[in-house]
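*Asks:* Numbering (my numbering), first residue to last: 439 to 697.
Simulated from the structure, these hints should not be mistaken for lab results. Because the structure is a prediction, the values reported are computed rather than measured. Mixed in with the good hints, there may be bad ones.
Said to hold, decoys possible - The calculated DSSO-like cross-link candidates involving lysine-lysine, where the alpha carbons are at most 27 Å apart (straight line), are:
1. K519 - K508
2. K692 - K449
3. K488 - K464
4. K543 - K676
5. K676 - K692
6. K508 - K464
7. K619 - K598
8. K449 - K561
9. K566 - K619
10. K519 - K488
11. K594 - K566
12. K449 - K533
13. K464 - K566
14. K543 - K464
15. K491 - K594
16. K491 - K504
17. K501 - K488
18. K491 - K543
19. K598 - K676
20. K533 - K543
21. K594 - K543
22. K566 - K543
23. K449 - K491
24. K491 - K561
25. K598 - K566
26. K619 - K594
27. K533 - K594
28. K464 - K594
29. K501 - K491
30. K464 - K504
31. K501 - K464
32. K519 - K533
33. K561 - K594
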Amino acid sequence: MSKPIFDQDTKASDLVRHYAASIVNKTILVTGVSPSGLGDSFIRQIAPSKPAKLILAGRLPTKFQKLIDKIALTHPEIEIKSLELDLASFSNVRKAAEMTALKPKFQTCHLGHFLFTNLIMNKILASKEPRIVNISSNGHRLGTMRWTDYNFSDGKYYEKWAASGQAKTANILMGISLAEKLGDRGLLASSIHPGGIMTDLDWHTIHVGLREDGEQVQNLDEGVATHIFAAFDPTIAKNNSGYFDDCQLADPFKEQVYS
Numbered sequence: 439m440s441k442p443i444f445d446q447d448t449k450a451s452d453l454v455r456h457y458a459a460s461i462v463n464k465t466i467l468v469t470g471v472s473p474s475g476l477g478d479s480f481i482r483q484i485a486p487s488k489p490a491k492l493i494l495a496g497r498l499p500t501k502f503q504k505l506i507d508k509i510a511l512t513h514p515e516i517e518i519k520s521l522e523l524d525l526a527s528f529s530n531v532r533k534a535a536e537m538t539a540l541k542p543k544f545q546t547c548h549l550g551h552f553l554f555t556n557l558i559m560n561k562i563l564a565s566k567e568p569r570i571v572n573i574s575s576n577g578h579r580l581g582t583m584r585w586t587d588y589n590f591s592d593g594k595y596y597e598k599w600a601a602s603g604q605a606k607t608a609n610i611l612m613g614i615s616l617a618e619k620l621g622d623r624g625l626l627a628s629s630i631h632p633g634g635i636m637t638d639l640d641w642h643t644i645h646v647g648l649r650e651d652g653e654q655v656q657n658l659d660e661g662v663a664t665h666i667f668a669a670f671d672p673t674i675a676k677n678n679s680g681y682f683d684d685c686q687l688a689d690p691f692k693e694q695v696y697s
């Protein structure tokens, strides 16, 4: 039987059925969980496939308590716990596994994840078939790594889009580095572009001119599909450190063409 072809129209709900055997009995930690967000949708999609344990991490666990209660009610066989994780505070990150003068975009979108991942790396490597998926985006093209001035001269020359691009570039570089350094210990690491998804955060922050680039707006079921593909597809081992878009290996240096 040939492998199904996944693309920008693939839905997470379809992939969950396809990868059910890869999801069952897994321990899965999801950071950045918030109501109506990507993490929320990811958890709801995979829960019916009976992972052994779900760890939901976010800045305000009270905001996603309803999700925890829902999963506990509908899937009592799953062990589920919440974890307070404020990626903008290094001291909080350490407590979960120091508020600094770094610009919040780089700390929240990259350094917090970097620190947290390294603090729990021994636990990750001790698991069966360890895998890390970094949520980057094609927005990495907006800015490269400013190795000698990553903090924009302490904010003096701060530009939000360049800062966003730098953070997303760092996400990808982290995935590459993890694969290079720990691939021989069985770790699979990848980065993904989640697509054009309108979450609650998007409506509050960039509701004007979001999709002027021609990229189609996806719903959460479609937008979380690449998360599930990268997290559970067994064939991506041959592309360890890869960057994935629309459930396919992608070239991060090339623009996706949308019809």
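*Asks:* Are there hints from earlier that the structure breaks, and if so, what are their numbers?
*Replies:* 4, 7, 8, 11, 12, 14, 15, 18, 19, 22, 25, 26, 27, 28, 33
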